[in-house]
Amino acid sequence: MIKQYISVTATFDADGNIIPLYINWDDGRRFEIDRITDVRYAASLKAGGAGIRYTCRIKSQDKYLYLEENRWFIENEKKAG
Amino acid sequence: MRTILHSDCNGFYASVECLYNPEIRSKPVAVGGDAEKRHGIILAKNEYAKKYNIKTGEAIWQAKEKCPSLIVVPPHFERYMRFSEMCRRIYSDYTDRIENFGLDEAWLDVSSSGGDGADIAEEIRRRIKSELGITVSIGVSFNKIFAKLGSDYKKPDAVTVITHENYRDIVWPLPVGDLLYVGRSTEKKLKSLGVYTIGELAEFPLPVLRSNFGKWGDILHTFSNGMDASEVMYADEISAIKSIGNSTTAVRDLENTEDVKMIFMVLCDSVCRRLREHGALAGLVAIYVRDCNLVSFTRQHKLLCPTDITGEILEEAMQLFNSNYSWNKSIRSLGVSLGELRSINEPVQLCLSSDEHDRERKMYLDRSLDLLKNRFGSFCVRPATLMKDPMLSGFSPKEEHVIHPVGYF
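Heads up: the sequence lines are chains A and B, in that order.
Start counting the first sequence at 1; every next residue gets the next number (the working numbering).
Start counting the second sequence at 82; every next residue gets the next number (the working numbering).
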């Protein structure tokens with residue numbers, strides 16, 4: 001597992017909550033976040049970091065998205081080679 | 082009866098680095114300063130490194146002799162400050178009486194929370210592990226001293242409860258050196274009196290303690306008997322600063338007065354900028370000198386005229402140095418400390434011997450330079466003398482040395 005920093009498009013609501021809307025992948029693809037089912041402070045031992053963990057439903061799969069201070073990261077499988 | 086928690090992050094710096102670096106987690110890891118810059122000491126170690134008897138404060142080369150496979154990583158202080166803040170956020174869910182003791186330790190007074198101390202401690206321990214990814218040991222007791230001994234008792238990742246019923250079994254058998262404020266010399270003195278454990282200290286006749294240690298005798302007696310009544314401060318109480326200092330180990334040994342002046346220039350710039358930030362004037366200047374054989378001394382001098390002018394403080398520091406050092410050896414480290422602080426707004430008797438107009442000009446100049454340095458960094462404008470040896474003068478305590486020591490009293 002590696003820590004992969006990603007580009008995220010998010011909105012700031014009037015109460016100060018930060019809500020991620022899309023994940024912008026490095027090949028240009030854009031993944032819409034259908035729903036956020038959980039938000040909590042959590043550490044990612046797999047990736048190596050800590051912040052606010054959003055459980056996001058993307059294309060009917062649940063994925064953890066972490067906001068660490070002002071950067072977003074995900075836990076990604078190590079690339080071979 | 083109060084319920085006090087003492088939370089202590091296990092191997093704090095090392096734990097944070099291991100969180101960020103999954104590959105090194107199962108190996109002996111230490112966080113160390115930059116050996117090239119002669120700051121090469123161990124700042125923290127993880128559980129695996131502890132097994133090799135590696136000690137915080139020893140030189141990196143010494144640690145590597147004990148454990149050749151030791152992985153030494155550089156420190157990331159902003160990260161540690163962030164994690165310290167995150168711990169405080171969790172603590173504040175349980176109480177507003179949080180007293181920090183350095184970055185990695187804190188006392189919490191949860192008496193008014195209505196919950197059971199051990200349950201709260203367990204919850205905090207679990208939350209820090211899951212939300213921050215590091216572990217803490219927490220001591221629960223009816224006073225700060227025993228709570229701190231409790232957090233030391235079982236490491237890592239544990240909660241220890243010390244009650245009126247069990248403290249004689251848990252605390253009293255511990256070595257007397259474990260007690261807060263018992264350092265090497267107090268320990269030595271106590272041992273010479275036949276006191277080896279905290280229990281023996283607790284039962285030792287108070288008059289004899291008083292005659293040997295003065296008022297500290299009372300404190301030792303109080304602490305060892307669990308009678309310490311000092312309060313856990315509220316999170317927003319800030320105690321008045323009593324002194325402002327900076328010291329450094331130079332990148333190479335200092336051989337002459339010119340070298341020393343360069344180092345003092347950088348140190349005085351930093352302490353005076355901090356002094357001005359606090360809106361204070363200093364009435365006392367102290368210097369600290371350590372030679373290449375690690376023999377050190379301090380000297381201080383009261384100023385006729387309390388000041389915040391960098392030039393005047395530097396002059397005082399150089400004066401103290403020149404009258405007290407005879408250059409038998411080259412110098413390794415220097416320090417400057419300002420004491421007898423008072424607010425700049427307090428009415429001050431004007432000094433008859435100096436030109437007040439000229440002093441005012443210097444104060445304005447210092448403040449203008451402060452503004453520039455705060456915006457563009459400490460190196461944006463410096464005395465030309467420092468350019469003679471950029472390697473020697475190329476350090477910046479104002480930006481780099483941001484973790485301040487904390488005292489109990």
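Watch out, some of these pointers could steer you wrong.
To be verified - Computed cross-link-like contacts, SDA-like style, restricted to lysine to any residue with a CA-CA straight-line distance of at most 20 Å:
id, chain 1, residue 1, chain 2, residue 2
1, B, Lys-210, A, Gly-49
2, A, Lys-3, B, Lys-323
3, A, Lys-78, B, Arg-208
4, A, Lys-46, B, Arg-208
5, B, Lys-323, B, His-359
6, B, Lys-210, B, Val-153
7, A, Lys-3, B, His-359
Said to hold, decoys possible - Just the calculated beta-carbon pair ranges, DEER-fashion:
id, chain 1, residue 1, chain 2, residue 2, range
8, B, Leu-255, A, Trp-25, 25 to 31 Å
9, A, Ser-7, B, Ala-199, 26 to 32 Å
10, A, Thr-9, B, Ser-194, 53 to 59 Å
11, A, Thr-55, B, Lys-323, 34 to 40 Å
12, A, Ser-7, B, Ser-411, 30 to 36 Å
13, B, Ser-194, A, Thr-55, 29 to 35 Å
14, A, Gly-16, B, Gly-195, 28 to 34 Å
15, B, Arg-456, A, Trp-25, 36 to 42 Å
16, B, Ser-377, A, Trp-25, 26 to 32 Å
17, A, Ile-18, B, Arg-456, 37 to 43 Å
18, B, Phe-457, A, Thr-11, 31 to 37 Å
Stated by the list, open to error - One-sided and incomplete, this derived list gives chain B residues near chain A with beta-carbon spacing under 8 Å:
id, residue
19, Ser-211
20, Glu-212
21, Leu-213
22, Gly-360
For the record, the hints were derived by calculation from the structure and aren't laboratory data.
Glycine included, every Cβ here is placed at the ideal spot set by N, Cα and C.
We went through each hint and held it up to the structure:
Restraint check for B/Lys-210 and A/Gly-49: satisfied, since their Cα atoms lie roughly 12 Å apart, inside the 20 Å limit. Using a Cα cut-off of 20 Å, the hinted pair A/Lys-3 and B/Lys-323 is violated, with the two alpha carbons roughly 44 Å apart. With a CA separation close to 28 Å, the supplied pair A/Lys-78 and B/Arg-208 exceeds the 20 Å bound. Among the hinted pairs, A/Lys-46 with B/Arg-208 is consistent with the structure: their alpha-carbon atoms are about 18 Å apart, no more than 20 Å.
With a C-alpha separation of about 11 Å, the suggested pair B/Lys-323 and B/His-359 falls inside the 20 Å cut-off, and the hint holds. At most 20 Å may separate the alpha-carbon atoms for a hinted pair to count; B/Lys-210 and B/Val-153 exceed this at roughly 24 Å. Distance hint between A/Lys-3 and B/His-359 is unfulfilled; the C-alpha atoms sit about 41 Å from each other, more than 20 Å. Restraint check, B/Leu-255 to A/Trp-25: a C-beta distance of roughly 57 Å breaks the suggested window 25 to 31 Å.
At roughly 45 Å, the beta-carbon separation of A/Ser-7 and B/Ala-199 lies outside the given 26 to 32 Å, and the hint is violated. Restraint check, A/Thr-9 to B/Ser-194: a C-beta distance of roughly 41 Å breaks the suggested window 53 to 59 Å. Remark: the range hint 34 to 40 Å for A/Thr-55 to B/Lys-323 is contradicted by a beta-carbon distance near 49 Å. At roughly 54 Å, the beta carbons of A/Ser-7 and B/Ser-411 sit outside the given window of 30 to 36 Å.
Between B/Ser-194 and A/Thr-55 the Cβ separation comes to about 30 Å, which falls inside the hinted range of 29 to 35 Å. Checked against the hint of 28 to 34 Å, the pair A/Gly-16 and B/Gly-195 passes, with Cβ atoms roughly 30 Å apart. Checked against the given bound of 36 to 42 Å, the beta carbons of B/Arg-456 and A/Trp-25, roughly 38 Å apart, stay inside it. A hinted range of 26 to 32 Å for the beta carbons of B/Ser-377 and A/Trp-25 is inconsistent with their spacing of about 58 Å.
A C-beta distance of roughly 29 Å is found between A/Ile-18 and B/Arg-456, which places it outside the suggested range of 37 to 43 Å. A beta carbon spacing of about 35 Å between B/Phe-457 and A/Thr-11 agrees with the range 31 to 37 Å that was offered as a hint. With a cut of 8 Å, the hint placing B/Ser-211 at the interface with chain A holds, because the nearest CB-to-CB distance is about 6 Å. The interface hint given for B/Glu-212 is met, as the beta carbon of that residue sits about 4 Å from the closest beta carbon of chain A, less than 8 Å.
For B/Leu-213, the shortest C-beta to C-beta distance to chain A is roughly 5 Å, which falls under 8 Å, so the interface hint holds. For B/Gly-360, the suggested interface contact is broken, since its CB lies about 31 Å from the closest CB of chain A, more than 8 Å.
Hints 2, 3, 6, 7, 8, 9, 10, 11, 12, 16, 17 and 22, counting from the list given before, are not met by this structure.
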